[in-house]
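**Q** Sequence:
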Amino acid sequence: MRVLITGGAGFFGFHMANKLIQHGYEVRLLDIADYIEEDYIGPVEFHKGDVRDRKAVDRVMRGVDAVIHAAAALPLWPRREIFSVNVEGTRTVLESAQAHGVPRVVFVSSTAVYGIPRKHPIREDDPLQGVGPYGESKIQAERICQSFRERGLTVTVIRPKTFIGPGRLGVFQILFDWVERGKPIPIIGSGRNRYQLLDVDDLTEAIVLALTVPAEQANDTFNIGAERFGTVREDVQALCDHAGTGARVWPLPARPVKAALALFEALHLSPLYRWVYGTADKDSFVAIDRAKAKLGWRPRYSNAESLIRTYEWYRAHQAELAGKVGVTHRVAWDQGILRVIRDLLP
Numbered sequence: 001m002r003v004l005i006t007g008g009a010g011f012f013g014f015h016m017a018n019k020l021i022q023h024g025y026e027v028r029l030l031d032i033a034d035y036i037e038e039d040y041i042g043p044v045e046f047h048k049g050d051v052r053d054r055k056a057v058d059r060v061m062r063g064v065d066a067v068i069h070a071a072a073a074l075p076l077w078p079r080r081e082i083f084s085v086n087v088e089g090t091r092t093v094l095e096s097a098q099a100h101g102v103p104r105v106v107f108v109s110s111t112a113v114y115g116i117p118r119k120h121p122i123r124e125d126d127p128l129q130g131v132g133p134y135g136e137s138k139i140q141a142e143r144i145c146q147s148f149r150e151r152g153l154t155v156t157v158i159r160p161k162t163f164i165g166p167g168r169l170g171v172f173q174i175l176f177d178w179v180e181r182g183k184p185i186p187i188i189g190s191g192r193n194r195y196q197l198l199d200v201d202d203l204t205e206a207i208v209l210a211l212t213v214p215a216e217q218a219n220d221t222f223n224i225g226a227e228r229f230g231t232v233r234e235d236v237q238a239l240c241d242h243a244g245t246g247a248r249v250w251p252l253p254a255r256p257v258k259a260a261l262a263l264f265e266a267l268h269l270s271p272l273y274r275w276v277y278g279t280a281d282k283d284s285f286v287a288i289d290r291a292k293a294k295l296g297w298r299p300r301y302s303n304a305e306s307l308i309r310t311y312e313w314y315r316a317h318q319a320e321l322a323g324k325v326g327v328t329h330r331v332a333w334d335q336g337i338l339r340v341i342r343d344l345l346p
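Per the UniProt record's numbering, the very first residue in the sequence shown carries number 1; after that it's consecutive.
Okay, derived cross-link-like pairs now, BS3-like style, lysine-lysine, Cα gap no bigger than 27 angstroms in a straight line:
#1 K282 / K119
#2 K19 / K48
#3 K19 / K294
#4 K294 / K119
#5 K258 / K282
#6 K324 / K48
#7 K119 / K258
#8 K292 / K282
#9 K119 / K292
#10 K19 / K292
Label pairs and their calculated CB-CB ranges:
#11 D39 / V340: 30 to 38 angstroms
#12 L321 / L269: 17 to 25 angstroms
#13 G101 / R181: 48 to 56 angstroms
#14 A262 / A293: 37 to 45 angstroms
#15 T245 / D39: 23 to 31 angstroms
#16 R54 / E227: 35 to 43 angstroms
#17 W250 / V327: 21 to 29 angstroms
#18 A293 / A266: 40 to 48 angstroms
#19 L345 / R54: 46 to 54 angstroms
#20 R300 / I116: 26 to 34 angstroms
#21 G101 / T212: 16 to 24 angstroms
#22 R181 / D53: 37 to 45 angstroms
#23 A266 / H100: 41 to 49 angstroms
These are computed hints drawn from the structure, not numbers from a lab.
A virtual CB, placed ideally from N, CA and C, is assigned to each residue, including glycine.
Starting from the given sequences, assemble the full structure and let the hints guide the process.
**A** Here's what the structure looks like:
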């Protein structure tokens, strides 16, 4: 069975490819970025191209048995690009899949579609209220998925919580950098809120199951998140205790900190965007009952275990990561004014 992964050269993409290889699948990748051959545990067929380019998508769609559509513009991208890639790119992929007779597509959405709800746990049928262009674009993309279901295509929509694991940097590199330096770790609010994460290994396992269960079970929308998680204070302190660097959780009053971060964002002084700091002091966890019941999925890692194993990967690769910055999950983000604050702290 041959599976196409769009966005196959990214953090999620190489983990997904490796999971499929482990399960005996042939893997084809499409990405605008170059892929790093050493990331993959077996042979993959790589094609460079844009999901908005119908000709490029048609070329890679021929002869595949399923598609995992994960290519996306991330929240730090310009608004126009986010909607172009996430909405029109999704439409192009689904149109091509249906035209080529591909029976099954998995769309990787996001729990950002729920916005900042007051009720927890969040369930798949709860209202969608995306925060910012990224969340809004994912809602529009999901509507396109539903329209293709109505045309007879099996489309699994996966809504993962923020997922981490070996190779994940981005905002988590900021946390790991501060922990490694033994700095106080600022927490917005008391830290007593519960914020569910997800290990990328658990996410990729859920998607493999979505490819294998009967179509009538897969043709649905699923929340995916860790089953075991504590409060923000507990999970971050568990990482600090593991690191043994003297880093410790430092709760800060939410209102003035959020106001400052909003100003820093507006002035382009900080990489933290509204979704990150706006939800940091709120409960954020989803119900995973549907995935457990219909996919037979069981998550393996807790929040703390995922943070620790991602941190250990970061420590082991610090030398090769030095000086590399960007706006994807595979590189560090420029900390901007946060670096100044870090260096001023004892």
